[in-house]
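Those sequence lines, one after another, are chains A and B. Oh and the first sequence: position 80 is 79 in numbering that gives the first Met the number 0, straight run, nothing missing. Oh and the second sequence: position 401 is 400 in numbering that gives the first Met the number 0, straight run, nothing missing.
No lab work stands behind these hints: they were computed from the structure. Since the structure is predicted, the reported quantities are computational estimates derived from the model, not experimental observations. Ideal placement from N, C-alpha and C gives every residue a C-beta, glycine not left out. Hints are supplied without guarantee of correctness; some may be wrong.
[To be verified] Pairwise CB distance ranges, derived in the manner of DEER restraints:
id, chain 1, residue 1, chain 2, residue 2, range
1, B, 257, A, 301, 51 to 59 Å
2, A, 301, B, 387, 45 to 53 Å
3, B, 397, A, 301, 42 to 50 Å
4, B, 343, A, 301, 23 to 31 Å
[Claimed, not checked] Computed list of chain B residues with no C-beta within reach of chain A, every gap over 10 Å:
id, residue
5, 87
6, 138
7, 167
8, 209
9, 226
10, 236
11, 262
12, 264
13, 306
14, 370
15, 400
16, 447
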Amino acid sequence: MFPKGTKRKFSDSGEEPVSSGDQVPVAPSVAARTLTSSYSLQRQSLLDMSLIKLQLCHMLVEPNLCRSVLIANTVRQIQEEMTQDGTWQIMTQALAAAQCPADRLVATEVLCRQTDPAAQAGQSPKPFSVVGLEEGYHAEEVVMEGDVETEVTMSTLSPVSPQLSSASYLAGPFGMGPCWEEEEEEEDDGECEEDEEEDSEECVSEGEEGDRDHLSADSRTGEQVFGTFEIKHPAPPPDPALEELFSDVDPSYYDLDTVLTGMQSAPKMGPYDLLESLSSHGPTALSSSSSCRSDLNELDHIMEIIVGS
Amino acid sequence: MGEDAESPKINHTFLRDYVTEADVISTVEFNQTGDLLATGDKGGRVVIFQRETESKGESEEVGETGDSGEYNVYSTFQSHEPDFDYLKSLEIEEKINKIRWLPQQNAAHFLLSTNDKTIKLWKVSERDKRPEGYNLKDEEGRIKDISTITSLQVPVLKPTDLMVEVRPRRVFSNGHTYHVNSISVNSDGETYLSADDLRINMWHLGITDRSFNIVDIKPANMEDLTEVITAAEFHPHHCHLFVYSSSKGTLRLCDMRASALCDRHTKLFEEPEDPGSRSFFSEIISSVSDVKFSHSGRYLLTRDYLTAKVWDLNMDKGPVETYQVHEYLRSKLCSLYENDCIFDKFECVWNSSDSVIMTGAYNSFFRMFDRETGRGVTLEAWRESSKPRAVLRTRRVYNGGKRRRGDVGVDSLDFTKKILHMAWHPSENIIAIAATNNLYIFQDRVNPEAQVQ
Chain A
0 MFPKGTKRKF SDSGEEPVSS GDQVPVAPSV AARTLTSSYS LQRQSLLDMS
50 LIKLQLCHML VEPNLCRSVL IANTVRQIQE EMTQDGTWQI MTQALAAAQC
100 PADRLVATEV LCRQTDPAAQ AGQSPKPFSV VGLEEGYHAE EVVMEGDVET
150 EVTMSTLSPV SPQLSSASYL AGPFGMGPCW EEEEEEEDDG ECEEDEEEDS
200 EECVSEGEEG DRDHLSADSR TGEQVFGTFE IKHPAPPPDP ALEELFSDVD
250 PSYYDLDTVL TGMQSAPKMG PYDLLESLSS HGPTALSSSS SCRSDLNELD
300 HIMEIIVGS
Chain B
0 MGEDAESPKI NHTFLRDYVT EADVISTVEF NQTGDLLATG DKGGRVVIFQ
50 RETESKGESE EVGETGDSGE YNVYSTFQSH EPDFDYLKSL EIEEKINKIR
100 WLPQQNAAHF LLSTNDKTIK LWKVSERDKR PEGYNLKDEE GRIKDISTIT
150 SLQVPVLKPT DLMVEVRPRR VFSNGHTYHV NSISVNSDGE TYLSADDLRI
200 NMWHLGITDR SFNIVDIKPA NMEDLTEVIT AAEFHPHHCH LFVYSSSKGT
250 LRLCDMRASA LCDRHTKLFE EPEDPGSRSF FSEIISSVSD VKFSHSGRYL
300 LTRDYLTAKV WDLNMDKGPV ETYQVHEYLR SKLCSLYEND CIFDKFECVW
350 NSSDSVIMTG AYNSFFRMFD RETGRGVTLE AWRESSKPRA VLRTRRVYNG
400 GKRRRGDVGV DSLDFTKKIL HMAWHPSENI IAIAATNNLY IFQDRVNPEA
450 QVQ
């Protein structure tokens, strides 16, 4: 992407788009482009944080519905924005290609499931729904179909991409939608047991299924159902170029305050300040996959603790 | 002596700071006269305080009221117990979410208390006399030997030590699938409403096995759920009107005469969103945590995460007044989201003349805003920094600009010390502030009576 031997400075990155073919089609200014990369990192972190929050509600006391609804709305908002950016499909594709099912991608995979595949298709990338096993298959298809772009591109998905209202991805969280039941029937519990790393999720799901038996859809709250995402079959080896998009939820996302909240309004900090606060991530998504991987392992560990294995 | 020298010195200081979770106060409410103050806590207990009415005697000055203003414990009782929902395999917290007093009709006092699922009506009555002089029993209650009775006497009532009895009179159960967040007694004195996340029910105080559902925002498909009810209240004078607030920052005024099910609002109060300040947290911070009618019935006071707003019932396009409670938190929303503080539900209250509004914040701070001048003041409910009867000094949070001595920096705010619950005396300038497990009662000595406009 960069000419070999050239020391990469963020001030130079603005010159790249013209020469390199796989860059963002629109060549924004230096500041905007840098903002975009770091912004998407922060947005991803916020997404992960929100999903973890929704998972953590397997408590003794019935979780707070208002809080769950607000978090879910935030997740949906991010999802919509990412879909418009086109980063959403990249993530779903990479998810299918991800090697470690039990990493934090689990959380985002929830969002990648589609609902009823018979839902109207045709529109360009729309928010995905949570429920359904089919997504795993579709994502694989997409991966095989063509080159996967690392940058944001507006490629359309497989024809089965369902058109759903933005709210429908919550098929899981708030109710026993028909798709959820489908998934229950289709899935083989034995599948999950094979992979050790999935145990934690499996415990959760078993608990959920037990609950589900004697629960009316009425009284369910989002988290109880939302937490039962299963990991599908392991996928082919990950594409390193894709993995970097899932760069870790480093604890430094705590520094996000000024970045994230200042993001969409006129930021008080300039783009260079943003970079400084994200120095560990770097201005672009080109961090080495090895660092991503070690961070992913760390995340595995955290996820296991959170899910309570 | 030798033993004492050998025994290790035990440090008990940590006990002072240890707060029993069950003692955390979760609601505060004055009754209609202000003589009684009720608090509910997380352990399901209700403590009622009564105002002292001892006259000062010779030291009473001209113009000073007979009330010393002190509130002392009047009665304590266990209102709700922990419960278990077997259907969902979930515990039901005994935490008292709200207490509302009924208007007094006789010597006894009645209050409604609710946890997440069940509302209870309690009767609080005094007994300060007991009958003496029975013919068949002696003073200790033992049956007398009939042969010793030579004459008949009429038992008389003699004064005795004051006893306060609290008895449950009604239990309104099984009315709510979701968590009850509000109860409100109607001005008709016969009915009240209870609101949970998705439904509002109207009850008759005398009927416990039935309630009338007046609002239901549960979607047919729970997947479509994006908004919940956060608070509800009856109009203080019009028994057919009530308002409820939502997690999207809207208020809906409903008229029960229009239809049986008030899913269609009579008026929708919503402030148009400022596109310039939109962020991922915009919706969360717009969620209304409390709504209160003014005493006049003309205005509504709402609280969302960063502001308190006054709305005119006649104007639904937006609030007529907006007060910044802690704007300095706007740049911290991400960490407040991460530690869940962004979901804290602060209450707000009017003073008796509707000229001042008050709401809570963090670091044991609470804010008062004078509606006429628009100015706000920050006060602190923290025992370490104020002695009893000392004048409260105003506080300030430093967020850039000139720093004064005593200012608190934004980064040193204690977010675990939140002032969520409070109450204002119905006719005087006395306020009750709940700070975790402590109750603070403050009085305005300069202007004890509210200035009636």
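Each hint, compared with the structure:
no.	hint	in the structure
1	B:257 to A:301: 51 to 59 Å	holds (53 Å)
2	A:301 to B:387: 45 to 53 Å	holds (48 Å)
3	B:397 to A:301: 42 to 50 Å	violated (36 Å)
4	B:343 to A:301: 23 to 31 Å	holds (26 Å)
5	87	violated (6 Å)
6	138	holds (51 Å)
7	167	holds (24 Å)
8	209	holds (19 Å)
9	226	violated (7 Å)
10	236	holds (29 Å)
11	262	holds (17 Å)
12	264	holds (19 Å)
13	306	holds (16 Å)
14	370	holds (29 Å)
15	400	holds (15 Å)
16	447	holds (38 Å)
Violated hints for the displayed structure, listed by number in ascending order: 3, 5 and 9.
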